[in-house]
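*Asks:* Read off the chains here:
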Amino acid sequence: MSNGVDVKTLIIDEQEVSARRGQTILEVARENGISIPTLCHLPGLSNVGACRLCMVEIKGSNKLLPACVATVFESMEVSTDSERLRKHRRMILEMLFAERNHICAVCVSNGHCELQTLAQEQGLTHIRLPYRNPDLPVDASHERFTVDHNRCILCTRCVRVCAEVEGAHVWDVMGRGINCMIITDLHEEWGSSTCTRCGKCVQVCPTGALFDKSKIGSDHPKYPDFLPYLNLMREAQ
Amino acid sequence: MSKLKLATVWLDGCSGCHMSFLDMDERLLELAEIVDVVYSPLVDTKEYPDEVDIALVEGAVSSVDDEKKIRKIRAHTKMLVAIGDCAITGNVPSMRNPIGPEAILDRAYIQNASAQQQIPCEIVPKLLRVVRPIHEFVKVDVYLPGCPPSAETFHTALTALVNGGPLDISALTRFGA
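Residue numbers (the working numbering), protein chains in the order written: chain A, 1 to 237; chain B, 1 to 177.
It is worth saying that the hints were derived from the structure and are not from the lab. It is possible that some hints are incorrect.
[Stated by the list, open to error] Taking CB as the label site, the calculated pair distances span:
id, chain 1, residue 1, chain 2, residue 2, range
1, A, Arg30, B, Asp65, 21 to 31 Å
2, B, Ile110, A, Lys213, 54 to 64 Å
3, A, Met233, B, Leu167, 46 to 56 Å
4, B, Lys139, A, Asp135, 25 to 35 Å
5, A, Arg30, B, Leu29, 43 to 53 Å
6, A, Glu121, B, Ala75, 29 to 39 Å
7, A, Asp135, B, Tyr109, 19 to 29 Å
8, B, Ser170, A, Glu99, 55 to 65 Å
9, B, Tyr109, A, Arg128, 31 to 41 Å
Glycine included, every Cβ here is placed at the ideal spot set by N, Cα and C.
Chain B with its partners taken away, still in its complex shape (with noise of 0.2 Å):
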């Protein structure tokens, strides 16, 4: 049986997400066994791929260039699933919503600079007006929220999505778990 293809995406997200991804420690080498990783920051890839079976997308969609990103994932993906309150609900990214993306950069970059006050403005991609959950933009098949989702809730829902099995998500996380 050849293995899954497996992504796992970084969007506007601190990669608390990740970081729990990786704290199923040696469960890893269980999922390594069934599934190939094949885009991550966590590899190498640069460009998504085009079969992807399951991709694990972290963070909210915040700029110009997430929502490329979501758009194209989602064109190529099976099975997508939104990980943490920051893909979910948008979470600690979207506390600018209120205040709106001048205001923040101006208090960034040009009041709390000492030197070279400029709003970049070349290279980083443009902020959107708010930011918004995964789901605002594209569908997304199964929600686990929480921040993070604890390695217990990634090895449990993972294993069953793997495996086609039943997964109740609320008896694992919840927002803000």
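The following block holds chain A by itself, in its conformation from the complex (with noise of 0.2 Å):
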């Protein structure tokens, strides 16, 4: 008894599911068909709660968590899909939308951008906040990749992915509140790291903040799914 799995049985969207002690919501929702949008996580990188977007509903609590992070207990019962939480999940898209310069029709991730996909999913077809237009940089120095600063969410995947795979954290974050930055290294610029060129990053950005110079167009799609391969055949070593 003591040594075998402990198994948590939860009621995930009126669907009656059972899950291993310490299973995030969020890991338990898909393993049984359950979508629930996300943004910041991404399997393979260590979960943050940053965007926001996986917020549910716990009966018997007034206050929403991140699926992503919180872990379930035993009989919780989860709603993934509400008015309130589709309220909450727009409105953050929209702050992001607003925050920055995204302009998807001449964005190299146009069509493969999943901020895009999921203000689509989720019904936006307008922003309701006004725009704040900031003046952002394009760093162009590295000689294979472009970090374009108008299109970041800071849902740092690349700080994570440079750190907890790459192990080299040339990527951190800078600043406080409406003026963080990603910045390489000691906010120096990228071409003169110490960036190990792998492109970890390019792959796992969500919009098209960071991309690949040698792609033109729109013709860009990201391909994020080598971690959890990168990290089970590590694992098996």
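Now that you have both chains on their own, put them together as the hints suggest.
*Replies:* This is the structure:
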């Protein structure tokens, strides 16, 4: 009994499911084919609960919980979809669009962008907030890649993949609140940083903020699926 | 039954939305049976009519003239439809927003001009400080994003709007589509 797997039974969207102790609500939901929208979460990386899109309702609590970091408990009743949640998710997406300069029509990731796809899935047809139009830099000093801060949503996937998987920790976040920026090394140009040129950050970036210079137009799909396999192979060693 | 009065308007956009509208091809003939185009860059009317049923507005609001036009259009239109990303998000015209109109005009008419370097100030309307979507000025009834919305999107949406049927815009189109 003591060395057995501790199984929890819970309800997600009126569906009875079982989970192992320590699993997150998101993991259990996806294992059971229940979709919860996410943006900063990526299989193979640690979870930070930064984007708040995966917020879910728990019966008996007024507080919304981020499904990517909240772990399951026995008999919990989770609701992943409601008018209240949809309202919050739309608002989060609208704030992301209004915060920086996301011009889908001229973006390398047009048609492959997770922010754009989520906006469509959540039924966004316009942004009710006024656009901020900040003046942000584009760093094209790297020989292979470019970072366009206009399109960055600060999900920190690049920071995590660089530190956790590549082990280089070239990317990090500078500043507070609205002034946050992702930076390479101690805010030096990407091209002269300690970057190992592995390109993992480009593949995990959900928008067109990080892109490969060799790609033209909007033909720039990203392939982040290598991460779980890479982790699996490393664990097997 | 009298025909619905349809207007199409071209503010700060590339006219691509109008091109896409025309791409409805033979379906335009079906549309012409139920609507009259009373105002449009495609027809010769100079003044916006007093009573319009549906107005399709392409382009962002970038100049004092655009602002004047969109307020007049709203006042004389029952259903205002914002068509395309420029009208809805500002899109490409809004890329000048972080830079400001002075620097843009200076680059276009002084730095890059080889003859008669001067910033136009007569006849052409004054630029607003920032380019903004239509709904930041007036109430918009329907949003049809896309760059441009496809002919199929126009046809499906217009058919639904004219007949008062259900319309799921996110199933048809998205920003940048």
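*Asks:* Does the Cβ pair Glu121 (chain A), Ala75 (chain B) satisfy 29 to 39 Å?
*Replies:* Check passed, 36 Å falls within 29 to 39 Å.
*Asks:* Is 46 to 56 Å respected by the C-beta to C-beta distance linking Met233 (chain A) and Leu167 (chain B)?
*Replies:* 49 Å, holds
*Asks:* Could you say whether the range 55 to 65 Å given as a hint is met by the Cβ separation of Ser170 (chain B) and Glu99 (chain A)?
*Replies:* 22 Å, violated
*Asks:* Between Arg30 (chain A) and Asp65 (chain B), does the C-beta distance stay in 21 to 31 Å?
*Replies:* Hint violated: Cβ distance 52 Å, outside 21 to 31 Å.
*Asks:* Honestly, do Ile110 (chain B) and Lys213 (chain A) meet the 54 to 64 Å range at C-beta?
*Replies:* 32 Å, violated
*Asks:* For the pair Tyr109 (chain B) and Arg128 (chain A), does the Cβ-Cβ distance stay inside 31 to 41 Å?
*Replies:* 36 Å, holds
*Asks:* Does the beta carbon distance between Lys139 (chain B) and Asp135 (chain A) stay inside 25 to 35 Å, or does it fall outside?
*Replies:* 30 Å, holds
*Asks:* Given the hint of 19 to 29 Å, check if Asp135 (chain A) and Tyr109 (chain B) actually sit that far apart at their C-beta atoms.
*Replies:* 22 Å, holds
*Asks:* At the C-beta level, are Arg30 (chain A) and Leu29 (chain B) separated by a distance inside 43 to 53 Å?
*Replies:* 49 Å, holds
Violated hints, listed in ascending order, are 1, 2, 8; each of the other numbered hints is respected by the structure.
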